[in-house]
Structures are given as structure tokens and as C-alpha cells.
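A.B. asks: Letter by letter, the chains look like this.
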Amino acid sequence: SAVISQKPSRDICQRGTSLTIQCQVDSQVTMMFWYRQQPGQSLTLIATANQGSEATYESGFVIDKFPISRPNLTFSTLTVSNMSPEDSSIYLCSVRTGGRSSPLHFGNGTRLTVT
Amino acid sequence: GENVEQHPSTLSVQEGDSAVIKCTYSDSASNYFPWYKQELGKRPQLIIDIRSNVGEKKDQRIAVTLNKTAKHFSLHITETQPEDSAVYFCAASDRVSNFGNEKLTFGTGTRLTIIP
Chain W
12 SAVISQKPSR
22 DICQRGTSLT
32 IQCQVDSQVT
42 MMFWYRQQPG
52 QSLTLIATAN
62 QGSEATYESG
72 FVIDKFPISR
82 PNLTFSTLTV
92 SNMSPEDSSI
102 YLCSVRTGGR
112 SSPLHFGNGT
122 RLTVT
Chain H
27 GENVEQHPST
37 LSVQEGDSAV
47 IKCTYSDSAS
57 NYFPWYKQEL
67 GKRPQLIIDI
77 RSNVGEKKDQ
87 RIAVTLNKTA
97 KHFSLHITET
107 QPEDSAVYFC
117 AASDRVSNFG
127 NEKLTFGTGT
137 RLTIIP
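Protein chains in written order, with our numbering: chain W, 12 to 126; chain H, 27 to 142.
Hints in this document: simulated from the structure, not taken from any laboratory.
Misleading hints may appear alongside valid ones.
Here's a subset of chain W near chain H, in silico, CB distances under 8 Å, partners left out [claimed, not checked]: (1) Ser53; (2) Leu54; (3) Leu56; (4) Leu115; (5) Asn119.
Sample of chain W residues with no beta-carbon within 10 Å of chain H, all distances over it, derived [what the hints assert, rightly or not]: (6) Leu30; (7) Gln35; (8) Ser38; (9) Lys76; (10) Phe77; (11) Asn93; (12) Leu123; (13) Thr124.
Pair ranges (Cβ atoms, derived) [to be verified]: (14) W/Ile74 - H/Arg87: 41 to 47 Å; (15) H/Ile88 - W/Asn119: 20 to 26 Å; (16) W/Phe86 - H/Gly42: 43 to 49 Å; (17) H/Asn79 - W/Ser29: 42 to 48 Å; (18) H/Leu66 - W/Gly109: 25 to 31 Å; (19) H/Lys84 - W/Ser70: 35 to 41 Å; (20) W/Ser113 - H/Glu65: 22 to 28 Å; (21) W/Ser38 - H/Asp85: 23 to 29 Å.
Each residue gets a CB set at the ideal place from its N, CA and C atoms; glycine is no exception.
All chains, full assembly: derive it from the sequences and hints.
C.D. replies: Structure, rendered in C-alpha cells:
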């Protein structure tokens, strides 16, 4: 499976600020996915990062709050904008290294705490 | 969209006994069902998966069964060991697209505790 590196691994941020999370994959992948895992909860898809086009957001998530960049086939960023304590979560980058319906693999995640 | 329900939310079993976690899904078009194990403070890791053209799959002490008619699938762990203690998530794929961007919808998780 691919090696997926996320930075930062954790951060404590103040309300109203923004944080950009980076995801680097050691191989080219078509789709990169950003998930959120709130404390003690399941994983919820935020958006699919498409190389060369706008990200596709899931219901309840908007570009103004979670802007995503995908400049090439190995890298993506997720920004959490104008943060509030409700944004405190683990944010996970994930990729499929094979074709359709191939297994999804996750990065180590970014643990964000908003004070 | 897809809806995945998972039971139980917590499960404690004696070491050496078997553990079973069950999931149901709503979208009959879903065709891929992975299971993930998440240890405390770590990322979810794929432990086994099954596709809709197969009814059962085994990998050592782990097995998954799928009943497409009833739209449910289960994870079976035999001869449980302390290192099996973790949170387990089931998932189901959304409708398959031509672009490979089908998404996974996750269950709510089962916290499995193996009692030594």
C-alpha cells in the first residue's frame, strides 16, 4: 500500500484562525479523500480532491469552510477556516492505490484542537 | 445515499472466544464492504474486505460474510487475543462511478475489548 504522510500530526489553534493540513503520497493517485473523525465517532467524508479540478464536497461541508487544493497527483491540502471548538477533530487523508473499488488507505491523521 | 448501521457499539469477550460484529446497509447497489481496525490514537487500518460477488472470505482468524439479499455483512474474529482490542468500523461503497471516486460510508464503530 502507499505511504501517506500528513502534516501536522497535531495542533492546538485559537478560535477564528485557520489551519492547513498537508497530505503527501509516495505514488501518483487519481483520487484523494479527506475524512473527519470527531472524538469517539465514526469517519465522515468531507470531500474528494480531484487533480486539475474543483474538489467535490459532501452534504454539510462547503468550500469556504474547507478549501482544498490538489496541485498534482501526489499532494493535497485541506484548510480548516475560521475555526470554532466544534471543528476539533481528527482529519484524515486517504487514497486508493489501485483502480475502482480498490482498498482505501489512511494517513496517520491530524488531531486538531480548537480553543 | 448509503446508510450503514453497526452493532453492537461495545463488545467484551474472553480471550480465546469468538467475536462477531454485524452491519447492515441500505443501498442495494453497494458492492464493496471493507472492515477497518483502529487502535487508540492510530489511523484506521484495513483488515479484510469483501465484494458483492462473494459470500464469505477468510484470512487466518478473521472472516467476513455477506448476505446481499438481506443487505447485511458480519465480521467474525476467532480465538481472540488481547491485541484484537480496538475499535472496528465496517463500511460500504457508494454507487460505483466511472471515475473511481465512489465513496465509503462508515458504520458507527464497535469497541471490542478482549478480557485476558
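A.B. asks: Against each hint, give a clear statement of whether it holds in the structure.
C.D. replies: Hint check:
With 8 Å as the threshold, the beta carbon of W/Ser53 comes within range of chain H, its nearest partner Cβ sitting at about 5 Å, so the hint holds. For W/Leu54, the interface hint holds, since its Cβ comes within 8 Å of a Cβ in chain H; the closest pair sits about 5 Å apart. Of the supplied interface hints, the one on W/Leu56 holds, with its beta-carbon coming within about 5 Å of a beta-carbon of chain H, less than 8 Å. Interface restraint check for W/Leu115: the shortest CB-CB distance to chain H comes to about 6 Å, inside 8 Å, so the restraint holds.
A hinted interface residue such as W/Asn119 counts as satisfied when its beta carbon comes closer than 8 Å to some beta carbon of chain H; here the least separation is about 5 Å, so the hint holds. Interface exclusion of W/Leu30 from chain H stands, the closest Cβ pair being 19 Å apart, more than 10 Å. For W/Gln35, the condition that its CB be more than 10 Å from all CB atoms of chain H holds, with the nearest at approximately 15 Å. No beta-carbon of chain H is positioned within 10 Å of the beta-carbon of W/Ser38; the least distance is around 15 Å.
At roughly 19 Å from the closest C-beta of chain H, the C-beta of W/Lys76 stays outside 10 Å, upholding its exclusion from the interface. With 10 Å as the threshold on Cβ separation, the claim that W/Phe77 sits away from chain H holds: the shortest Cβ distance comes to roughly 16 Å. The claim that W/Asn93 lies off the interface holds: its Cβ sits roughly 26 Å from the closest Cβ of chain H, which is beyond the 10 Å cut-off. Distance check on W/Leu123: its Cβ is at least 14 Å (rounded) from any Cβ of chain H, clearing the 10 Å threshold; non-interface status holds.
With a least beta-carbon separation of about 14 Å from chain H, W/Thr124 lies farther than 10 Å from that chain, consistent with its non-interface assignment. Evaluation of the 41 to 47 Å hint for W/Ile74 and H/Arg87 yields a pass: the beta carbon distance comes to about 44 Å. Take H/Ile88 and W/Asn119: their Cβ atoms lie about 23 Å apart, and the range 20 to 26 Å holds. Distance hint check for W/Phe86 and H/Gly42: the Cβ-Cβ separation is about 46 Å, which falls inside the suggested range of 43 to 49 Å.
At about 45 Å, the CB distance of H/Asn79 to W/Ser29 agrees with the hint of 42 to 48 Å. H/Leu66 and W/Gly109 have their C-beta atoms about 29 Å apart, which keeps the hinted 25 to 31 Å range intact. For H/Lys84 paired with W/Ser70, a C-beta distance near 36 Å keeps the hint of 35 to 41 Å intact. Checked against the hint of 22 to 28 Å, the C-beta distance between W/Ser113 and H/Glu65 comes to roughly 23 Å, which is consistent with it.
Take W/Ser38 and H/Asp85: their Cβ atoms lie about 24 Å apart, and the range 23 to 29 Å holds.
The structure shown violates none of the earlier numbered hints.
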